[in-house]
Each structure stands twice: as C-alpha cells, then as structure tokens.
Amino acid sequence: MNRFLKIVLLLLLGVFLLLRVVDGTVLYYINQRFVWLTGLAAGGFVLVAASYFLVSGQQTHDHSHGHNHGDVTWAGLLLVALPLLLGWLVPSRPLGAAAIGNREINIGQMGALASVAPPQADNSMGLVAGEKNILDWLHEFQSSSDPADFAGQEVHVVGFVYRDGRFPADSFMVARFTVSCCVADAAPIGLIVRWPDAASLPTDQWVDVTGHFAVGDFDGQQVPILVVDDLTLVQPPAQPYLYL
Amino acid sequence: MDVETANQAGPELETAVSAKRATPRFLIGLVVLTAVIFALARFTTGPIHDRFQTFTTIFLGIFIEAVPFLLAGSIVSGLIEIFIDRDWLARWVPRRAAAAALTGALMGFAFPVCECGVVPVTRRLYHKGLPLSVGVAFLLAAPVVNPIVILSTYAAFGWGPVLIGRLVFSVLIAFIAGLLFNLAAPEEALLPTTQADEACRVVDERQGTGYGRFWQALAIGGDDFMDMARYLIAGSMMAAAMQTLIPQSTLLALGSGPIISVIIMMALAFVLSICSTVDAFLALSFVNSFTTGSILAFLVFGPMVDIKSSLMFLGVFRKRAVLYLILLPMALSLLMGVAINSLIVQ
Numbered sequence: 007m008n009r010f011l012k013i014v015l016l017l018l019l020g021v022f023l024l025l026r027v028v029d030g031t032v033l034y035y036i037n038q039r040f041v042w043l044t045g046l047a048a049g050g051f052v053l054v055a056a057s058y059f060l061v062s063g064q065q066t067h068d069h070s071h072g073h074n075h076g077d078v079t080w081a082g083l084l085l086v087a088l089p090l091l092l093g094w095l096v097p098s099r100p101l102g103a104a105a106i107g108n109r110e111i112n113i114g115q116m117g118a119l120a121s122v123a124p125p126q127a128d129n130s131m132g133l134v135a136g137e138k139n140i141l142d143w144l145h146e147f148q149s150s151s152d153p154a155d156f157a158g159q160e161v162h163v164v165g166f167v168y169r170d171g172r173f174p175a176d177s178f179m180v181a182r183f184t185v186s187c188c189v190a191d192a193a194p195i196g197l198i199v200r201w202p203d204a205a206s207l208p209t210d211q212w213v214d215v216t217g218h219f220a221v222g223d224f225d226g227q228q229v230p231i232l233v234v235d236d237l238t239l240v241q242p243p244a245q246p247y248l249y250l
Numbered sequence: 376m377d378v379e380t381a382n383q384a385g386p387e388l389e390t391a392v393s394a395k396r397a398t399p400r401f402l403i404g405l406v407v408l409t410a411v412i413f414a415l416a417r418f419t420t421g422p423i424h425d426r427f428q429t430f431t432t433i434f435l436g437i438f439i440e441a442v443p444f445l446l447a448g449s450i451v452s453g454l455i456e457i458f459i460d461r462d463w464l465a466r467w468v469p470r471r472a473a474a475a476a477l478t479g480a481l482m483g484f485a486f487p488v489c490e491c492g493v494v495p496v497t498r499r500l501y502h503k504g505l506p507l508s509v510g511v512a513f514l515l516a517a518p519v520v521n522p523i524v525i526l527s528t529y530a531a532f533g534w535g536p537v538l539i540g541r542l543v544f545s546v547l548i549a550f551i552a553g554l555l556f557n558l559a560a561p562e563e564a565l566l567p568t569t570q571a572d573e574a575c576r577v578v579d580e581r582q583g584t585g586y587g588r589f590w591q592a593l594a595i596g597g598d599d600f601m602d603m604a605r606y607l608i609a610g611s612m613m614a615a616a617m618q619t620l621i622p623q624s625t626l627l628a629l630g631s632g633p634i635i636s637v638i639i640m641m642a643l644a645f646v647l648s649i650c651s652t653v654d655a656f657l658a659l660s661f662v663n664s665f666t667t668g669s670i671l672a673f674l675v676f677g678p679m680v681d682i683k684s685s686l687m688f689l690g691v692f693r694k695r696a697v698l699y700l701i702l703l704p705m706a707l708s709l710l711m712g713v714a715i716n717s718l719i720v721q
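Chains A and B supply the protein sequences, listed in that same order. Reminder that position 7 of the first sequence reads as 13 in my numbering, one-by-one numbering, no gaps. Reminder that position 121 of the second sequence reads as 496 in my numbering, one-by-one numbering, no gaps.
No wet-lab data here; the hints were simulated from the structure.
With the Cβ distance kept under 7 Å, some of the chain A side facing chain B (calculated, not the full set):
| no. | residue |
| --- | --- |
| 1 | Gly50 |
| 2 | Val54 |
| 3 | Leu60 |
| 4 | Leu84 |
| 5 | Leu85 |
| 6 | Leu91 |
| 7 | Gly93 |
| 8 | Leu95 |
| 9 | Leu101 |
| 10 | Ala104 |
| 11 | Ala190 |
Calculated Cβ distances over 12 Å to all of chain A for the following chain B residues:
| no. | residue |
| --- | --- |
| 12 | Asp462 |
| 13 | Gly540 |
| 14 | Pro633 |
| 15 | Leu702 |
Backbone N, C-alpha and C define an ideal beta-carbon position, used for all residues, glycine too.
The whole structure should be built from the sequences, with the hints applied where relevant.
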C-alpha cells in the first residue's frame, strides 16, 4: 500500500507540474527562464513512477538484517501530498499588494535601501520612452541624481495598485514584483502616480497607465511622479513579474 | 528499498502491522488537511486570507523551483546505486585525511548538483562506503564548486574577487569541516539507514542487464525522492512562513556596518533558501548597499546551509552532526566576511 501511494504521489506531482506549465500559472511562482526545468521534472516524475511497474517482476531482497530503507511513514507521505493540496485547493494568484507589506519597496529614490536595479543588467538605453517598463525606469532613475532630468518624458507602464499611509488621496503606486529565481526573492518596485480619481481604484487592481513625469514630493523626497493622461483597468498579465 | 521489501514477510511482522495502519491514517490526515486548507482558502477574509495566500504562493515558488533539482539528485543517487562499484569507490578515494577532504570539496565537478540534489547523492555515496569526511566536504562545497554555479556566478559578477572568493572560500570551509568530521566515527554522525551495510551488498550490486538495471536505478531514485522530499517540503514551508511573518525590511534595516552586514546577509541567505544556481543574480542587487564581505558570506554560506537544506541534512545525519554542519560553516563564513571587510577598510 505504501508502494501504491508512492507511485500515485509521484504521478500526481508530475501531472501537477505539467498542468502548471500548460496553463501558464507556473509563471506566478518562478522566473520564466527555469520553466523548462519544471517541464523536464514533470516528465521525470512520470518516468520514475513507471519504473516501479517495470521492476516489479524482479527478485526481491530479504531485509531481515534489521532495517528498511525507503520506508516512508504515513506522515511523510502526507507531507509530500501537501504541495498538491495547496496547489489545487488554493486559487493560484501571483503575489500582490498584501505581500509588499513585508518587503522594502523600491521607488527609485536616490539612496534607496536595497537597489533592485543592478547597473550591469541595464539594457533600457535603447528603448523608446513609451516602451520602458517600471524596472527600466528605475534603472534610468539610478543613472541620474536629479529627478528634474525626467520631467516631461512620456511614460506607458502596466502594474497593480498599491498604497499605504504615505500616499495622499490623489496618489497611488503602480507596482510590479521583480523575480530573479522564484517568488521567494520577489522584490517590489513601483512608480508614484498622481491621478484625481486615485481613491476609486481598489488595491491590487491592474492598470495600464499613460502619462508623463513631473517632479513632485513624496514622503519628504523629490522624486519623478507619473501624472496620468490616460488610465485603463486591465486584466493581470500572463507574466505578472519582471525579471532581473 | 520499497522495490525490494514489497514482497517480504515473516521477520518484520511489526512493520507489516504498522504499514497496515498507515493507510487509514494517511487517508484521515488527507481529509483533515483538505478541510483545513479549503477553509483557510475560501472562508477567511482580511489579513489572515492575504497572509495565507502569500504563504502558499511563496511555498509553491520555492517547491516548484527546487523540486526538479531534488528529483535529478535522486535519480543520480539511483544510478550510483546500480552502476558504481563499491570497491572501485574505495580505491578511488584517497586515504590520507587532507587529500580525502580536498577530494570531497572538489567532487562537485564530477557530480554537478545544487544544494537540493547534493543531499540524496551524498547519502547514497555514504551507503556505498564513502568516508565521512569526504561526504561532508562534498555536501558543503558541491553546491558552489560545480560548473553550473561557476557559470551563473560568472554571468552575474564576471571574473573577479567575488567569483574567485566564492570558490576559494567554499572549498576552504568545506575542507576544514571535512577535516574536523574526520575526528568522528561514521556511526556517531550518520543515521543507521545512511551507513554502509555489508549485508546490503548482495543486492546493491545485483545482477541485471541493460534496461532492467536502468529502471531499477529509477525506482531506487523514486524511493530516495520520497524520502528526501518531506524534508524539502517542511523546509520550504518554514522558509515561506518566515518570509510571510518577518518583514524583510526589518532585516535589511538593521544596518550595514562591517560585522552586522555580514550577519544580516547570512541570515537572509538562511531564510530565503533559494537555489545556489541562481543566488548570484540576487546577490547582485545588494552590491551597492552592502559590504563586499557580506555579499561573499551570502554567496558562500547560503549554498551550504539554509532552512531547507538543514532540514534535509536530518535525513542523512544524526541531530548533533546536523548542528555541527550548521554551526561550522556559520562561524567560518562569519569569520571570512568580517576579515574581508576589515582588510578592505584598511
């Protein structure tokens, strides 16, 4: 029975990973560049599960010398079932505003605590202003010490709505998470947005914002603030995170 | 191995009885867990709901990222079991303590595994009679000293003090730990199921041809996976819970002095529990705000010890040995990081 449960769990783990890759929700959990590993592992689980049937006819080994390797207890099997239960019973969602409360947020102020934007990875220079995402803008902010350098530049970004006590009623942050490995290392980044109807936007709502930068004051610092020309509500993108 | 124990009877009546009770217990547990998770996911609101959702996402993130590596390590372990000859291994490993520990520290080039895959491989090599010190050095160094991680560190930092420092200090710390474990007897440090067992020899090198042996290796790998996966899952859950409950900003805001920064980056590496194949990219984002010594401590200590790997050690070693395996690299990495920082300041 122990053996039967093992085979079932191995098969289900394979199916679980395969389904995540097929429906794209694997991108809620890990960086895109490791998805091929998840697919490979799905195949590996099926192969390993199959191997139990293919060796079943072989001679067995009398373990009368006092130990059993590979005997997993019921609690151990239950633990292996846990990712399957959590994966299938809890709706799969990318990290949202609630997860920011636990992390240092980077809005590109000069002297930010942990800069998520390593200068080596900067590839935003060749992009037209309208094509730059939030991460590209933070790279640019880093290369300049004067927020006025960006005043008037056109911006078009997509992100989710985040706000905390520092935001006045007409402001919110359009935020994204950056992920280098998996969501365990997710770091929030964002641009401060000014919009008269900001209060009408629920937290976590994904928005597509077009506008331009103006120098403004946020939490006692001079920063580029995105003034809205056009704002539309959108569905969360298939690829919710930005990759470093 | 389950493959072999499946049809046995007689001498292990007790095991058979407990196995009979195991299935109902498993099913009851499954129903209870299902109910609890379902209730938490659907019937809670506000901060509890948000925290649970965040916890689930981070837990599945760590699990999905790590599980291919654990599976690969388990399959390698099965292949070692079937295809590597015990006497050949004994001949190949140097006898003198220093040479043996150094061999262990550099064995990652032969078995390119990260910190999840290295555990089942080490366990299997112990089972094949690998000396304790060699295995310890291998376990600690292999997640860094292997071609894949060298390449990813190079991609993030280029040739320079960080890459060279990471390699040199990983080998050095693993070497020292290996030498120290040389003082202990294998039965003091290893779990009974891990130790080499002459009685198992008959089966371990059993006959068979071609595909049959390959399938046998896979089935043994499956058993190994099931054995180690529970530690990985328990570790991922603890890491996800820590991340959900303790704000990362509290950790990072503690300061960036030459000593405190090393401690903070080591704590971060321990809590994050991310794979050694990619941690260099994350470390890169701390370069501007943290000391060089602390970045190196993150890159050296993290692959050796973190929440999920220290839990996985429990599947191979006795508790006291696991404690040493955590404390030794911790003390040595701290020493290294602080020493580098004070050298740079001068």
